[in-house]
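Protein chains in written order, with our numbering: chain S, 1 to 197; chain B, 1001 to 1297.
Just so you know, these hints were derived from the structure itself, not from any lab. Please note: incorrect hints may appear among the correct ones.
[Claimed, not checked] Reference excerpt, derived from the structure (chain S facing chain B, CB under 10 Å, subset only): (1) THR67; (2) ALA71; (3) ALA77; (4) SER117; (5) PRO157.
[Stated by the list, open to error] Output of the computed footprint for chain B on chain S, the stretches with three or more beta carbons under 8 Å from beta carbons of chain B: (6) 140-153; (7) 175-183.
[Claimed, not checked] Lysine-lysine pairs mimicking DSSO-like chemistry, simulated, CA-CA at most 27 Å apart: (8) LYS1078(B) x LYS1101(B); (9) LYS1125(B) x LYS1195(B); (10) LYS1078(B) x LYS137(S); (11) LYS1155(B) x LYS1195(B); (12) LYS1151(B) x LYS45(S); (13) LYS1026(B) x LYS1093(B); (14) LYS1118(B) x LYS1093(B); (15) LYS114(S) x LYS1151(B).
Even for Gly, the Cβ is constructed at its ideal location relative to N, Cα and C.
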Amino acid sequence: MSRTWRARSLALVTVVSAVFTFGCKEAEPERSANPTDTLFADFAKRVDSYITLRERLTDSIGDLDPTRSQAEIAARAVALGNAIIASRSQAKQGDIFSPEVAAFLATLIRQEYKRRSEPVLETREDQQDELPDFEPKVNQIYPTTYPLATFPPALLPVLPALPEEIEYRIVRDYLILRDVEANVILDYMPGAVPTGG
Amino acid sequence: MKRHLAMLAGIIAACAPAGAAAQDMKLPVMPNSVRFLVIGDAGTGDRQQNEVAAQIVRWYAQFPFTFAIMLGDNIYGKERPQDFAKKFEEPYKRLLDAGVKFHAALGNHDDPNQRYYKPFNLDGKRYRTFKEGNVRFFILDSNYLDPEQVKWLEKELEDSDSEWKIAYFHHPLYTTARRGPEVELRAILEPIFVKHGVDVVFTGHEHVYERFKPQKGIHHFLAGGAAKLRRGDTRRGPLTAAAFDRDRSFMLVEIIDNKMFFQAVSRTGAVIDEGILTSRETAEATPAPALPLVRSP
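Here chain B stands alone, though its shape is the one from the complex (with noise of 0.2 Å):
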């Protein structure tokens, strides 16, 4: 008995996590809404990659999320068949066989012919855009920014009317992480942003979560922690409104009219960041709310 006993608590024990989740668990879910995940840097077929994983289903079964955003590093190191088995089809089997549909955009560690595997949506192109209810996704190649895409994305921003534009790809041009910004891509992107009304730009690339203060009206989040970490990385700036790089984490977002609500949250299913924000097109911007930093010591 003692030992059934003592297997119960430890049952419980390891579901603790989901059970915090389920009580932060602040998005509205409304019917209709756009819901996703979001995860960057994600493709490493380790433990931790399965442990994200693993708190990713069970958010989504209270947040039952259409389809996910991949920031890039889809897939590290070689890339067999038995690769994207371990590293994309087994770490969200439960996810895909739900029918959620991952659209990807390429990292520096991804070979470009991941556009021709289906199940990243790419449709052969480095680069793409699609649309999700009031919401359109412009999904670039930051790695290989040449001419030629520059001016489709312009073209792209131009034809949308959507009130909700939000631009994803690997390289942050805000970071406060080791390595830095990418002023030069920033240069290139940010001024056609602003000019389109872009309200939101997500990246991955630095193994951590930070989320900046509007810049030039547009919010970026660089949520490239969803199985590699670099611990400690972040530095608190003028620009940050909220980092987190003691573990792992993802996001899950909502967009129902012109507002988006977010949560970041880490492997063990804390929330490290909330907040609601509101698209460029309808109002001035709802600061979200200031969330102390969640920081290495």
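In isolation and in its complexed conformation, chain S is listed as follows (with noise of 0.2 Å):
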């Protein structure tokens, strides 16, 4: 499943740049390239290196089938969130979301709220407790006492495809990537997701 993630996210990158060429047609003049290509196709390379690293780490942890062990769940979630850690213990904030991309996200992001009709934010501003209080670090496990804030729906068609592995949640404002198995942060951008709303 994690190879046709590419597919969709090529497919997203084409309509993303389709908007943004047409939006900015009548400010600038039409340009051979869009930029938008070279960064999703550049967040997707990162996506996809690190997807590689886990696949090589699989292979020796193996794949979690359904069991009626919650020990066996929990060892192998451990076990896989461990291998990741010391693989990638030079990680930092910006590997994923290098600051390009989190400049363009944002942008995306922020947008995608001022699109939201006044009912929808009402409902967002009601949740603002349900979202977790903490602060992300890369390589952290997400905290089990916190629970995972309900991802808004709308936005998530505007954001790169993912592969099913992982994820993006948010975290007071900050919109992270987590491994969805290992249950570690694996990149965060901070003031990503306006509050409030």
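Make the complex out of the two chains shown on their own, each in a separate frame, by following the hints.
Here it is in structure tokens:
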């Protein structure tokens, strides 16, 4: 399944590029290549690089099939998490969300929030208390004492598609990238999500 | 002797809710019907969850359902092996031992790795579908409704020729409770449900019971009070058909051909709502009996 995400990501690049190219036409002269293509391709490459590493790790740890044993599920998550953290011991904020990608994604998120109707904004405001209140770090195990805040469903189609192994989540005003099975925070973008709505 | 009589009286008093339950059971319990339990926000492992579970077991004796649907927040807090024991396996042991199959949806308090926990029957997936008799169930992960899941849902709904289509997930599309409905989710899901003839939607998240007048032909139930309670949290509105926020609750459902019979039951065994619905495919919806709203003063 992780291989199919590249095609979806590419399709999104095309759509977003088209939207931005169209949106910028009046202000700027037409250019031969859209910079968003490069940005998204760079992001896809960084994600791909992580997935390659992860596949190597899961080859040695093994895949997880449904089991009656929660101990087995937990042990596998811990083993995978430890292996990821050890293999990415030098990882730092911005390795996947490069500053250029982060700035562009933050713009996309802000634009999506601006498009929201009043009832949607009200709902989000009512749910602010559900946002986890901790400072995320790269290679941190997402604290199990906090719930995973519901990700705004209208925002997901705006962001580049991800392989099923990783996901976006919101912590305070941070957008984070999280390994779903290992529960490890891979990267984060501070100030990415408008607060209070 | 006096002491023995006092003890006997105590036992009878303790069993009173079970007696009330026996009188109030109105579901048909027909052979070959589709019978199931609905619980939401259940996984606290506390006294209240166990009391609700004990009440469910009492009703099970008269209403032997074959499976249960869980509306998310299946395991609150830590998810160590002992938590799965305390918050799921022990409260529902009698049902599990009797072969009742649990089909869980993921809530915002659930680690997505729960999809690998076999007793939750998610088969390693965050969203899935299963069929029981003439009913097709669609389990969604409303915590992370990505475009791929939406595409999957549309295809599965399109491919389904079941008489009943029931969707369930954690976040309510309609509620009068404190945090309000998930309108962003509703904007995406409701048109799909309408287009493909979904009959009923079950959700949790808010720790109350609510039933709404059919919205665009769809019946919405919120049953998020199987352990936690937000007392006095419902507000009667124009869409409200029934609500209960004075105690914990669960639902029992039976589907026979084009009829769906339901009863919502409190922790103490009182019936707090009941009615009969008709599937969209076969007829115009038969309005469920209008019951008085039960809520905190």
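Here is how each hint holds up against the structure:
{"no.": "1", "hint": "THR67", "result": "holds, 6 Å"}
{"no.": "2", "hint": "ALA71", "result": "holds, 4 Å"}
{"no.": "3", "hint": "ALA77", "result": "holds, 6 Å"}
{"no.": "4", "hint": "SER117", "result": "holds, 8 Å"}
{"no.": "5", "hint": "PRO157", "result": "holds, 5 Å"}
{"no.": "6", "hint": "140-153", "result": "holds (count 9)"}
{"no.": "7", "hint": "175-183", "result": "holds (count 3)"}
{"no.": "8", "hint": "LYS1078(B) x LYS1101(B)", "result": "holds, 24 Å"}
{"no.": "9", "hint": "LYS1125(B) x LYS1195(B)", "result": "holds, 25 Å"}
{"no.": "10", "hint": "LYS1078(B) x LYS137(S)", "result": "holds, 21 Å"}
{"no.": "11", "hint": "LYS1155(B) x LYS1195(B)", "result": "holds, 12 Å"}
{"no.": "12", "hint": "LYS1151(B) x LYS45(S)", "result": "holds, 25 Å"}
{"no.": "13", "hint": "LYS1026(B) x LYS1093(B)", "result": "holds, 25 Å"}
{"no.": "14", "hint": "LYS1118(B) x LYS1093(B)", "result": "holds, 15 Å"}
{"no.": "15", "hint": "LYS114(S) x LYS1151(B)", "result": "holds, 25 Å"}
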